[in-house]
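2 protein chains.
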Amino acid sequence: MALNDILPVTRNEEGIAAVLGTLKQRFGDRFQTGRAIREQHAHTTTYIQVQPPDGVVFPETAQEVQEVVRTCAAHRVPVIAFGVGTSLEGHVNAPGGGVSLDTSRMNRIIAVSAEDLDCTVEPGVTREELNRHLRDTGLFFPIDPGANATLGGMAATRASGTNAVRYGTMRENVLSLTAVMADGELITTGKRAKKSSAGYDLTRLIVGSEGTLGIITSLTLKLHGIPQAISGGVCPFPTLEAASQAVIATIQMGVPVARIELVNSLQMRALKNYSKLDYPESPCLFVEFHGSEASVAEQAETFGAIAEENGGGPFLWTSQAEERDRLWKARHQAYWASLTLRPGAKGLSTDVCVPISRLAECVAETEADIAEMGLVAPIVGHAGDGNFHTLCLMNQDDPAEVALVEKFVARLNERAIRMDGTCTGEHGIGQGKVGFMRAEHGLGVEVMRRIKRALDPDNILNPGKILPMEA
Amino acid sequence: MALNDILPVTRNEEGIAAVLGTLKQRFGDRFQTGRAIREQHAHTTTYIQVQPPDGVVFPETAQEVQEVVRTCAAHRVPVIAFGVGTSLEGHVNAPGGGVSLDTSRMNRIIAVSAEDLDCTVEPGVTREELNRHLRDTGLFFPIDPGANATLGGMAATRASGTNAVRYGTMRENVLSLTAVMADGELITTGKRAKKSSAGYDLTRLIVGSEGTLGIITSLTLKLHGIPQAISGGVCPFPTLEAASQAVIATIQMGVPVARIELVNSLQMRALKNYSKLDYPESPCLFVEFHGSEASVAEQAETFGAIAEENGGGPFLWTSQAEERDRLWKARHQAYWASLTLRPGAKGLSTDVCVPISRLAECVAETEADIAEMGLVAPIVGHAGDGNFHTLCLMNQDDPAEVALVEKFVARLNERAIRMDGTCTGEHGIGQGKVGFMRAEHGLGVEVMRRIKRALDPDNILNPGKILPMEA
Chain A
11 MALNDILPVT RNEEGIAAVL GTLKQRFGDR FQTGRAIREQ HAHTTTYIQV QPPDGVVFPE
71 TAQEVQEVVR TCAAHRVPVI AFGVGTSLEG HVNAPGGGVS LDTSRMNRII AVSAEDLDCT
131 VEPGVTREEL NRHLRDTGLF FPIDPGANAT LGGMAATRAS GTNAVRYGTM RENVLSLTAV
191 MADGELITTG KRAKKSSAGY DLTRLIVGSE GTLGIITSLT LKLHGIPQAI SGGVCPFPTL
251 EAASQAVIAT IQMGVPVARI ELVNSLQMRA LKNYSKLDYP ESPCLFVEFH GSEASVAEQA
311 ETFGAIAEEN GGGPFLWTSQ AEERDRLWKA RHQAYWASLT LRPGAKGLST DVCVPISRLA
371 ECVAETEADI AEMGLVAPIV GHAGDGNFHT LCLMNQDDPA EVALVEKFVA RLNERAIRMD
431 GTCTGEHGIG QGKVGFMRAE HGLGVEVMRR IKRALDPDNI LNPGKILPME A
Chain B
11 MALNDILPVT RNEEGIAAVL GTLKQRFGDR FQTGRAIREQ HAHTTTYIQV QPPDGVVFPE
71 TAQEVQEVVR TCAAHRVPVI AFGVGTSLEG HVNAPGGGVS LDTSRMNRII AVSAEDLDCT
131 VEPGVTREEL NRHLRDTGLF FPIDPGANAT LGGMAATRAS GTNAVRYGTM RENVLSLTAV
191 MADGELITTG KRAKKSSAGY DLTRLIVGSE GTLGIITSLT LKLHGIPQAI SGGVCPFPTL
251 EAASQAVIAT IQMGVPVARI ELVNSLQMRA LKNYSKLDYP ESPCLFVEFH GSEASVAEQA
311 ETFGAIAEEN GGGPFLWTSQ AEERDRLWKA RHQAYWASLT LRPGAKGLST DVCVPISRLA
371 ECVAETEADI AEMGLVAPIV GHAGDGNFHT LCLMNQDDPA EVALVEKFVA RLNERAIRMD
431 GTCTGEHGIG QGKVGFMRAE HGLGVEVMRR IKRALDPDNI LNPGKILPME A
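Chains A and B, in that order, are what the protein sequence lines are. For the first sequence, the working numbering assigns the number 481 to the last residue and increments by one with no breaks. For the second sequence, the working numbering assigns the number 481 to the last residue and increments by one with no breaks.
One or more of the hints may lead you astray.
Copies of the same chain look alike in the list, so a pair counts if it works inside one copy or between any two.
Simulated crosslink set (EDC-like; lysine to aspartate or glutamate; CA at most 16 angstroms straight-line) [stated by the list, open to error]:
| id | residue 1 | residue 2 |
| --- | --- | --- |
| 1 | K232 | E182 |
| 2 | K356 | E411 |
| 3 | K34 | D466 |
| 4 | K232 | D430 |
| 5 | K356 | E371 |
It should be emphasised that the hints constitute simulated quantities derived from the structure, not laboratory data.
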C-alpha cells in the first residue's frame, strides 16, 4: 500500500533548534511556532495523518524566501512551501519537521500584459483573486481545480480541472517562473516569449515538482480571452459506455468543447437530492462550449447529434447564464452532495487518468469493484481528458474500513497504470501515492532521483514527497 | 560571438579506436566509417564548420541503441543522435569525434489510436511519412517546421513552425517517449493518459534537450482531426506596426487562427518575383483558419474586420484548396525566393522570439539594423507566436562579410533577450547559440549543467551542445 513505502525522514533536532532561533530573530511575528498554526499548516484535507512542521514563516519577497532557504540549508533542515492547504495527498506534511514556508503574504499581481495574454503573479495569489483582478480586461485564467487554491500551489502540483480539455493544465499555462533552489539561488526559468527552444525546459521541470526541487516565488501565466458566448447543458446516456463513446466522437470531430464531465448514476442521485436537478439517475455528461454566438450554437448542435447517435439525449442546451450557472454549481457541489449519501462519513478522492479509449472500461471495472467491496463511492470525471475521481465515503475511525478503502484505491491505481494511464491526473503524488511511482515510472524514478540529488543534495526541499526512498 | 564560447571537446583517441572496433564487429555493414558518409552526418545546412564523427551506426531497435550507448559509455566516447540532418545550428557536429547514431532505420509507425488521438512512432519517421500513413484516419500531425524532419529530431530540438499558434509546438504534442540514457538504461517518460501529475516531467525534460540527456527511441504524439474546412488568404498592411496590431487583436479576440505569418516588404518582393504573387510590396499577413464551414467563414470575416480597423486590407480570402495551396506554397518557398535577391549567396537564418507586444518594435529595429549594416536579409515570422526569421544572404567565403553577419546576429539575439524574448523560438541552441545561453538564462544555466552532470557524468551524449562549458 501507498504509505508503507515512505521511509521516515529523520529529524535533525540540533539543526531545527538553530533554525528556529535564527528565524525567530529575523522574522519576529512573521515566524510562528504555536501548535494550532503548525497543525493547520500540515492539514491535508485527507485521511493522511498530520505531521506538523516546527515553525511557520511568512516571507514577503523572493529575497526573504532566499534567506529562509539559506538558513535551512546551512543546518540541513526541511523547508516546505505552503499555499492554502487544499492538497489532497499530504503534500504539506513535515515528516522530518522543519519549516513551513507560507506564501500568503506573497500575493501581489506584478504585471498584466493584455497584449501578450499573460500576467506575472506571486505564488500566494489565488485563482479567484487573479480572475477578480482581471475582470475588466476581457481576459481570464481558465484553470479551475474546484478549490480556490493558490497559483503557486497549483503550479507545484500541475493542477488542472474541468476545463483542461480545452485550455490545458498548469503545464501548458505557466510560461515561466522564478524559484529559489535548495542552495538559496534565485533562478528564472524562461522569458515571456510564447515558445522557446533554448535549452532544458526548467519551467516544466519545476511545475509538478511539488516543492521538492525549488520554491516558486513568481509565475508568468498565460491568459485567455473571456468567450463572447457560452452554451451548455446536461445530456443523459443509457450506459457509461455510450457516454464515453460520445466523448470520444466529440473530441475526434474537433469540437472545441470547453468542459465535458462524466457523472455516474450514483453521483447523479446525490446531485438530484442535493441540488434538486431534474435529470434521470443514469450516466450524464455535463458539457460547455465557448466561442462566438454562432459557434457555441453550432458546437451544441453537433454535440447533440453525436449524443443521439450514441443513444443519449435529449440534450437540452442553453446559452442563458442563469440556467448554466445552476448546472455547474450543482456539478461543483458534487463533493458535498456525495457526503449526503452517507451522513457522518468522510470522503477520500481518487484521481486516475487513462487514455479515453479505456475510460468506459476503467470506470465500469471500478464501479464493479465498488459494488463487490460494498463501498459507497460516486464517480465524476473530466471525461475529455480520461480523468475521473471516485469519492470513497468512509468512517475514518474504523481501521478495517480504512484498510478496505486503501485496498480499493490500490486496485484502482494499478488498474489505471495497467491501462497505460496514471495514478494521478491532477492531484499530485505527495505522500499518498508515493507507493505507485515505481509501478508507473519504472526506471524513470531513478532518473527523477538523480535530478533531485543533483539539485537538492541534502534533501531539504519538501522531503518525503514524490520519490520513494531507497531501501 | 557565439562560437567562441564553446571550448573544444577533447578527443579520446584510445577510446574511439576501441569503440570503432567493437561496433564494426557487432554491426558489420550497419557501421560505416567512410569520409563522405561521416561528413554528411555532420552536415548542418549552416555556416558552421563541419566536424565529422569517426563512424556512423544504423541501429534498428531500442536494444541496439542501448548496445551502442553502452559501448560508447564504456570507453567514454561521444554518441550523437542523427535524424535527417536539417538542423540549422550544428546540432549533429562531432567536436570530439565519436559515433553518429543514425535513426533512419528506426522508422516504424508502432501504433495509431484514432480513439485517443495519438500514435507511437520510432524516431526516424519523418513528419510527412507519418501524415501519409494517417491519411485515411481523418487525423493529422500538425507540427510543420518546413523541412521534412524526423519526429525524433523535431522532439529533440522542440521544433514548431507555421501552425504552432493553434496546435502548439513539440513541447505540447509529445505525450511521452522512450529514451536510452547515458548509462544505457531505457526509460519511458510517461503513459498515454492526456495529463498526469505523477512526478517530474521527464517528457518535457528530454524534449528540447538536443540529444544531450538521452537518445529518443520512440515517441507518443498527439494527433488532431483534419479540419472539415479551411479558409485563408493574404492581407497587406501599410506598416509592420499595423500588421502586428492586427495580430495582437486577432489573438486577443480568441479567433483560433491556425496560421498567421508576417512577411516584410523585402520578402514580399522576393515572393512576387519568385512565385508571381500579385500583392503590393508592403508588409503582409498570410492567414489560415481551420474549423467547420461556418466557423472558418466567421473567422475570416472577423479577421478581415480587424485588419480594416488597423488600416490593412483588402483581405481577400478563399476556402478553395487550389488558391490556398498556391499562397502557402509561395510562403514555404520564402527561402528559395530570398536567394534570388542575391544570386550565389548562402542564407543564414536567425530565430528570435519575443512577446507579441514587442514584435513590431523588434522587427523594426532589426530592419533598421539590416539597412544600416548594408545586409540583404528578408524577414518572415510566425507572428502569432512572436517568432521571426531573418535570412541573411552572404558570401560565406568572405570572412569580413561573415563577421558582419555574426555581429548582426549577436545584436539581434541580444535585442530579443532584452525584450524578454529568446534567441531561439524553434531552431534550438546546438553549437550556434551556445554563446547566448548565459545572457538568456543566467543562473538557470548552472541548474541545466547540474542536470546534465547528474544524467551524463562523462559527457558522452552530444557533447559541446546547448551548455557553455565552464572556464
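Which holds for K232 with D430 at a C-alpha limit of 16 angstroms: within a copy, between copies, both or neither? between (30 angstroms within a copy, 15 angstroms between copies)
One pair to classify: K356 and E371, alpha carbons no more than 16 angstroms apart. Within, between, both, or neither? neither (27 angstroms within a copy, 57 angstroms between copies)
Intra/inter-copy verdict for K356 and E411 if alpha-carbon distance must be at most 16 angstroms: within (12 angstroms within a copy, 74 angstroms between copies)
Is the C-alpha distance from K34 to D466 at most 16 angstroms within one copy, between copies, in both cases, or in neither? neither (25 angstroms within a copy, 42 angstroms between copies)
When no copy is named, should K232 and E182 be tagged within, between, both, or neither for a Cα gap of at most 16 angstroms? Both ways: K232 and E182 sit 8 angstroms apart in one copy and 14 angstroms across, limit 16 angstroms.
Consistency note: the structure conflicts with the earlier hints numbered 3 and 5.
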